[in-house]
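229 is the number that the UniProt record's numbering gives to position 229 of the sequence shown; each next residue is one higher, with no gaps.
Wrong hints could be hidden among the right ones.
[What the hints assert, rightly or not] Result set (PhoX-like, lysine-lysine): computed pairs, CA atoms no more than 25 Å apart in a straight line:
id, residue 1, residue 2
1, K297, K326
2, K86, K344
3, K112, K54
4, K314, K54
5, K50, K326
6, K351, K314
7, K326, K54
8, K344, K326
9, K326, K82
10, K351, K86
11, K326, K351
12, K86, K297
13, K86, K326
14, K86, K314
15, K105, K50
16, K297, K54
17, K350, K50
18, K112, K344
19, K82, K105
20, K82, K50
21, K314, K50
None of these hints come from the bench; they were simulated from the model.
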Amino acid sequence: MSCPVNKDTKGSLEKDNKTSQTTGPSENLTETDGYFCSSSFSMDPAEEYKMNRKRRGLALIFNQEYFEVNMSTRRGTSVDRKNLEKTLTGLGFEVLCYNEYTKAKVLSEITKAATADHSEADCFLLAFMSHGEDENVYASDGQISIRDITAMFKGTECPSLAGKPKIFIWQACRGREFDDPVTACSATESEENEVEAGAVQTLPAGADFIMCYSVAEGYFILQACRGDKHDDPVTPMDVVDSEVKTNEVVVDAGVVYTLPAGADFIMCYSVAEGYYSHRETINGSWYIQDLCGAMRKFGDSLEFTELLTLVNRKVSMRSVGNCNDKTAIGKKQVPCFASMLTRKLYFRPKKQ
1 MSCPVNKDTK
11 GSLEKDNKTS
21 QTTGPSENLT
31 ETDGYFCSSS
41 FSMDPAEEYK
51 MNRKRRGLAL
61 IFNQEYFEVN
71 MSTRRGTSVD
81 RKNLEKTLTG
91 LGFEVLCYNE
101 YTKAKVLSEI
111 TKAATADHSE
121 ADCFLLAFMS
131 HGEDENVYAS
141 DGQISIRDIT
151 AMFKGTECPS
161 LAGKPKIFIW
171 QACRGREFDD
181 PVTACSATES
191 EENEVEAGAV
201 QTLPAGADFI
211 MCYSVAEGYF
221 ILQACRGDKH
231 DDPVTPMDVV
241 DSEVKTNEVV
251 VDAGVVYTLP
261 AGADFIMCYS
271 VAEGYYSHRE
281 TINGSWYIQD
291 LCGAMRKFGD
301 SLEFTELLTL
311 VNRKVSMRSV
321 GNCNDKTAIG
331 KKQVPCFASM
341 LTRKLYFRPK
351 KQ
């Protein structure tokens with residue numbers, strides 16, 4: 001939407017410019033070179049992502065069960081793949097599955113997706129189920145950096161996804177520690193009803209934290225840096241679409257609404273940083289079981305970050321029972337997610 005310029009505004013601006021030229025050096029000012037159109041974006045907390053395009057979007061599932069390197073077979077992961085594929089298909093995604101791919105083949109398929117045209121898609125999703133450690137996941141023949149994968153979908157690299165949700169699901173260990181059980185100080189009424197009589201409710205010791213960072217990992221910020229890069233501006237696809245389809249007369253001083261290239265990502269981890277992630281050999285991993293269950297039940301009605309919080313709660317109520325590693329008996333797990341989303345995200349059914 002363009003912002004018209006009237007004579008009063010122009011005169012006021014000219015007066016301000018003259019005033020700024022005489023301002024003393026002790027006064028610190030922030031100035032702009034154009035007219036800012038406040039209607040080009042909204043700060044409404046209820047604002048949602050546009051999810052009524054022609055397609056829901058592409059979903060890639062990388063499933064690693066067997067490895068060429070000296071790593072154990074991930075029994076039960078085929079159940080996860082089928083479960084996740086069925087769940088995402090039900091939400092309208094076009095799902096592509098890849099099993100036991102090498103590092104080169106994984107990166108090749110991800111590059112194809114990152115360079116594809118997503119103009120008619122609502123969003124993009126990638127799930128990776130494998131062994132992992134810290135911020136790396138394993139292909140069949142070696143490690144891949146999670147950051148290298150997500151960097152391909154930044155707005156500067158994949159402009160047709162700029163301003164759209166980019167969802168990444170990581171089912172993998174993120175360290176070499178077990179999370180210990182602790183007794184909750186108090187339970188909600190609904191939780192008390194779920195606990196059997198005489199049973200003691202426990203939670204992971206690492207549960208119920210929220211880390212609020214001033215910037216996404218890897219970027220500069222004034223409060224505290226978390227890396228050595230500046231984030232680049234990109235134009236959201238909604239703005240590009242409206243400019244292409246609407247013939248308007250605009251002023252040369254109009255400001256184009258931009259976003260950080262790293263915006264609109266959400267990273268969904270099966271476990272908090274530093275801990276083991278648990279998988280059952282018959283039923284599949286705890287996280288994928290509970291994530292798929294929540295998405296099937298609430299995926300078309302509950303806001304996505306609220307759904308992920310529900311999954312955190314469900315997984316945190318589990319404990320290791322039958323396990324060959326006796327030191328793992330009774331241990332816990334809590335998932336986490338890192339959200340760079342800028343709006344609410346719903347997967348409501350598309351109109352036929």
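Status of the hints after comparison with the structure:
Annotation: proposed proximity of K297 to K326 is violated, straight-line Cα distance about 34 Å (limit 25 Å). For the proposed pair K86 and K344, the alpha carbon gap of about 24 Å is at most 25 Å, so the pair holds. Restraint check for K112 and K54: the C-alpha separation of about 21 Å stays at or below 25 Å, so the hint holds. Restraint check for K314 and K54: the C-alpha separation of about 34 Å exceeds 25 Å, so the hint is violated.
Distance restraint check for K50 and K326: the Cα-Cα separation of roughly 49 Å exceeds the 25 Å cut-off, and the hinted pair is therefore not satisfied. The hinted pair formed by K351 and K314 fails the criterion: a straight-line CA distance of about 31 Å is larger than 25 Å. For the suggested pair K326 and K54, the alpha carbons sit about 51 Å apart, so the restraint of at most 25 Å is broken. Between K344 and K326, the direct Cα distance comes to roughly 43 Å. Violation of the 25 Å bound is thereby established for this hinted pair.
The hinted pair formed by K326 and K82 fails the criterion: a straight-line CA distance of about 30 Å is larger than 25 Å. Distance restraint check for K351 and K86: the Cα-Cα separation of roughly 20 Å lies within the 25 Å cut-off, and the hinted pair is therefore satisfied. In summary, the hint linking K326 to K351 is not supported, as the alpha carbons are separated by about 52 Å, beyond the 25 Å threshold. Using a Cα cut-off of 25 Å, the hinted pair K86 and K297 holds, with the two alpha carbons roughly 13 Å apart.
Distance hint between K86 and K326 is unfulfilled; the C-alpha atoms sit about 34 Å from each other, more than 25 Å. About 20 Å separates the Cα atoms of K86 and K314, which keeps this hinted pair within 25 Å; it holds. Between K105 and K50, the direct Cα distance comes to roughly 32 Å. Violation of the 25 Å bound is thereby established for this hinted pair. With a C-alpha separation of about 24 Å, the suggested pairing of K297 with K54 holds against the 25 Å cut-off.
Between K350 and K50 the alpha-carbon distance is near 12 Å, which keeps this suggested pair within the 25 Å criterion. Taking the CA atoms of K112 and K344, the gap is about 28 Å. The hint is violated against a cut of 25 Å. Among the hinted pairs, K82 with K105 is consistent with the structure: their alpha-carbon atoms are about 21 Å apart, no more than 25 Å. For the proposed pair K82 and K50, the alpha carbon gap of about 28 Å is over 25 Å, so the pair is violated.
As the CA atoms of K314 and K50 are separated by approximately 29 Å, the hinted pair breaks the 25 Å bound.
The structure fails to meet hints 1, 4, 5, 6, 7, 8, 9, 11, 13, 15, 18, 20 and 21 from the earlier list, while all remaining hints are met.
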